[in-house]
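Asker: With the hints as a guide, bring the two chains together.
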Amino acid sequence: MDRFRMIFQYFQSNSESVMNGICGLLALASVKMYTCFDFSCPCLPQYNMAYGLGIMFVPPVILFLCGLILNRQSLVMLDEWRRPQGHRKKDLAVIRYMCSSIAQRAMVAPVVWIVVTLLDGKCLICAFSGSMDPEKFVGFANVTPAQVEQLLAKVPCKDDELMRNNTSRKAVSRYLRCWSQALGWSILLILIVAAFLARWLRPCFNQATLLQARHWSNYIDIEQKIFEETCCEHSRLFAHKCILHFFESMRQEIKLHNFNLPREGERDEGEEDLLRGITDQEQVNKLLKTWYYDKPPLDVS
Amino acid sequence: MDKFRMIFQFFQSNQESFMNGICGIMALASTQMYSAFDFNCPCLPHYNMAYGLGILLVPPFILFLLGFVLNNNISMLAEEWRRPQGQRGKDPAVLRYMFCSMAQRAMIAPAVWVSVTLLDGKCITCAFCTSVPVETLGNASHPLLSQGEIQQVLARIPCKEIYNGQQLIANEVAVRYLCCISQALGWCFVLLMTTLAFLVRSLRPCFSQAAFLKSRYWSHYIDIERKLFDETCAEHARSFAKVCIQQFFEGMSTDLVAARCHLPRKTSEDAGEASKKLLGITDQGTMNMALKSWHRCKPPLHLQAPALPSGNGWAGEGQPPVHPSTAQRETAAYYSLV
Chain A
1 MDRFRMIFQY FQSNSESVMN GICGLLALAS VKMYTCFDFS CPCLPQYNMA YGLGIMFVPP
61 VILFLCGLIL NRQSLVMLDE WRRPQGHRKK DLAVIRYMCS SIAQRAMVAP VVWIVVTLLD
121 GKCLICAFSG SMDPEKFVGF ANVTPAQVEQ LLAKVPCKDD ELMRNNTSRK AVSRYLRCWS
181 QALGWSILLI LIVAAFLARW LRPCFNQATL LQARHWSNYI DIEQKIFEET CCEHSRLFAH
241 KCILHFFESM RQEIKLHNFN LPREGERDEG EEDLLRGITD QEQVNKLLKT WYYDKPPLDV
301 S
Chain B
1 MDKFRMIFQF FQSNQESFMN GICGIMALAS TQMYSAFDFN CPCLPHYNMA YGLGILLVPP
61 FILFLLGFVL NNNISMLAEE WRRPQGQRGK DPAVLRYMFC SMAQRAMIAP AVWVSVTLLD
121 GKCITCAFCT SVPVETLGNA SHPLLSQGEI QQVLARIPCK EIYNGQQLIA NEVAVRYLCC
181 ISQALGWCFV LLMTTLAFLV RSLRPCFSQA AFLKSRYWSH YIDIERKLFD ETCAEHARSF
241 AKVCIQQFFE GMSTDLVAAR CHLPRKTSED AGEASKKLLG ITDQGTMNMA LKSWHRCKPP
301 LHLQAPALPS GNGWAGEGQP PVHPSTAQRE TAAYYSLV
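These protein sequence lines are chains A and B, in that order. Position 6 (the first sequence) corresponds to 6 in the UniProt record's numbering; numbering is contiguous. Position 236 (the second sequence) corresponds to 236 in the UniProt record's numbering; numbering is contiguous.
Next up, chain B with everything else stripped away, as it sits in the complex (with noise of 0.2 Å):
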């Protein structure tokens, strides 16, 4: 138990440390999938602003959900909301605290995703070089293009290589301009998301103390409760499988016995403890029958009977208990007659 109690002082103490640090791989994750991205705009009217807010928008919300499926309490807090309220009541704040904690976490890499974007400029120069103001920049009274066409030739901005309309407006200049507005776009959304952080993380000593410490109390208590029965589970698994097959070795030692008429040798003293552990199993054919007989037909899931192979091995369905006692001594009983 000792060793438990380490190990879940170890979770409950880093938990909290081990989400920040996923949360912070992904974001990290995040930048590497930008900067790894072969961003190709399209130089199209109409599919340039689909491409662009494409590209700011989706990675977000795959990031987002992403965020929670990588999160290990997300299963704890369904858990938790669908149970039947039964002898322990449920508590809306703690179901709250755990929300909130998880949307907190999974939300920075989407905003990581888009603060990047927005600062380095591509996004925005190819989804509205469209919409650049032609009069302010360039020659608005260039000669005989029509508005269809200047949009085409104003779509090619982003593609350097293939823009032909220098002449209408220079290609740095609207680059330039487009990059500017993005820019400032992006430290702007950086600085409300930090704005935003900064005053849910100060106000709430304000306002809500008591009741944060107790969901955030309830909510670890969960947590470990749930670890702690899963191992308390494990633990009678192990057990429970330890003296079923217990069970098993003495009954086809028993069997075996019973069917070649062996006389039980005397064993001397010294050699009780090990063949106290061979389970009466001494010689290749029997522990080949008994292979054969654990892969054919398992032992049912019931302690309270002695392995006494039967014809099927689930036994368990609400079968009264045998009384193992009479057969035993049964057999017994004919061994000293001979």
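If we strip away everything but chain A, and leave its shape as in the complex, we get (with noise of 0.2 Å):
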């Protein structure tokens, strides 16, 4: 018991850290992901905003419900939601609670992508480098539209043989990444200011609530965990009970038609036991055989 009860005290205290160490190691999957992920805007007029855009947004909404699947507690909150109401209330404030610290931890990492594109630049500079205004640069601006807009779409693609060395382009990735980069900046400055506002405020609303909130869903979470490894054991000293029955009822059978004689034996007393009356080659087989084909029922009384 006390074993299990050290196991459940390093629970309770590191719920939160697992839960905060998953979450940390997604943020950095998700920086992994963008530095191994091979960037190649098409340059193509109906294609560069697509690309860059869902580029920018579809692996966020991923990453954010990765986040939610990898977390234990959405299920323990989804569980606590449906159940019936039965002789136990329910807390909506608890359910509240829960759903609140699931959602923070899972938007860390889709916010680390956007972070981390906006400041690489690149998606904005593939999305928008169509959008720009070719009077305000100066190789744009004394040709055609049509020409214009296939110019501009290939702004991002240095390679090509028609912006190589193409000073007007690089002023539009210039302008474009600057754009992108002061935007990553300012998302995060907001971000961290209202997560800081968040914690620093929080005291001054509803403290003994959000206590309570707290309390009882680490409850929840913990009684999930008691519950699970308590019918473990249940389980494996019930296979063992049944186990047990069966030798026994093998030995009474054989007992039953071979008529042998109890030997007095020079053998100990614990090899005896442990042979359970099973002694020759064909009980034994008997044995595994009647496993195989007749398994006792799953009733130990």
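Think of the hints as simulated: they come from the structure by calculation, not from any bench. Treat the numbers as computed from the prediction; the structure is a model and nothing was measured. Check the hints yourself; a few may be wrong.
What the hints assert, rightly or not - Here's a subset of chain B near chain A, in silico, CB distances under 10 Å, partners left out:
{"#": "1", "residue": "E149"}
{"#": "2", "residue": "V175"}
{"#": "3", "residue": "C206"}
{"#": "4", "residue": "P300"}
Glycine included, every Cβ here is placed at the ideal spot set by N, Cα and C.
Answerer: Next up, the structure:
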């Protein structure tokens, strides 16, 4: 029992840190995914915006869903939300607390992806190069509108034959990158300020309710874990008893059919017990065959 | 038993994490396999699509089967499915649960392979380079080229060194276009898989939580019962072997003493323990004979009779039990006359 108690104290103090760890790993994975991903803008008028904005927004959705899937607490929360009321009342404040803590953790990796994408700049350059005003850039000012669309679409592709050594391309690219990085840093600043304020100002509002909600959400989590552990322990004991009953019934069947005289054994009692009355090849084969063809009923009363 | 209990608790609590670990290792192995694999597009009109789609679809199938093979529980599922009903009813919900959880884990490595392949872009570029829309991206009105020749030129798009259609359509333009389509497909595939996984995981508590808990409990139970049964049988086999060998040595020692007419030596009280362990075999000749007999003529798998060595070892097939005590007493009586 002591061992169980130690394990559960560990879980209690560390289920938050396990979830924080998973959150951090996902954030690192999102940075790694971005660096490994081979961004190649199509440089075609209709495709650029779809590609650029797609790369900026679809992976965050995927990362958010992954954050929800990998968080064990989301299952516990859903379970608590959907259970029939029965003898235990449901506290919506607890469910709301769990929901918000799960959502906050799941939002970290998508935000990291979006910020890294904006700070790098390739996505925005790809998506919005076609929307630039050609009048502002010398190289594109005196070109026909149809051609200007094509040229602007090719700005993200540095190695394209039309765009090599084109100074206007570099100007558009720098302009867009500047906007992208400004946006990235602003979003980062806003989020950090928001997190700071939320953490600082939270004790001013409903601290007691918050403490209660946190306590009971921890409780529900631990109760679930202990229930699973107890079921495992129970199924192990059940299986043990079932097998002992099986061996015992085999021993009795053998005694009934073979009329074996009980041997006055020089063997010690320990070995006798372990052999459980099954002492030759024929009996062992019969036991194994019966185990497969006719498993004992799930009843150890 | 305590030791076994600790081990089984460890397995139980960690079986899920063990299976998840194997799952993760296979996913990593699939990315590693992809990066180690030397992709070589044939750059020929009809072969490109077969090669590209083959590399996209055949390894995932292999990885899926491997996922099942590496899963220990597949034999447990098969056994539970095929066993005769007997006294214990069969629950199809438990079988379904076991199959679903195995299939979900086996699906991860193939999904990773397909995503990595699509996000990399080489396979789709190779498979669909002949379907590039030349009218929009290049000069469709290029003279002197028949349809077949155009196909041949387009098929060489993935092979930059031998590409000779720069006037028809620029290589970089075509590659970028195909790569963009491939990556879009890749991200859509990953989004679809993640959404499916999320829905499966989150809708279950809403609909069938009680049935799920039941199936999970009984599937764990079947697994533990099988392990415990194997352990009990191993214990039994160990004791069986120990007793069998003990009886063999006793039989040998009695036999040899009878053959050589040795007087039984009176051993002192102090040497009692050690000589008991020697089982009556105390010289080189006797030991050699015991070893030879063990090899040539193993005792029957029947612990009722003492191990008086008989002609063959396999006396276990339903022979009536020999009554040993009379034979031993006869031998003892013979000694005392001498």
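Asker: For every hint, state whether the structure bears it out.
Answerer: A quick look at each hint next to the structure:
Because the smallest distance between the Cβ of E149/B and any Cβ of chain A comes to about 24 Å, over 10 Å, the interface hint for this residue is violated. At about 8 Å, the closest approach between the beta carbon of V175/B and any beta carbon in chain A falls short of 10 Å, and the interface hint on this residue holds. The interface hint given for C206/B is met, as the beta carbon of that residue sits about 5 Å from the closest beta carbon of chain A, less than 10 Å. Hint status for P300/B relative to chain A: holds, with the closest Cβ pair at about 8 Å, below 10 Å.
Hint compliance for this structure: hint 1 is the single one not met.
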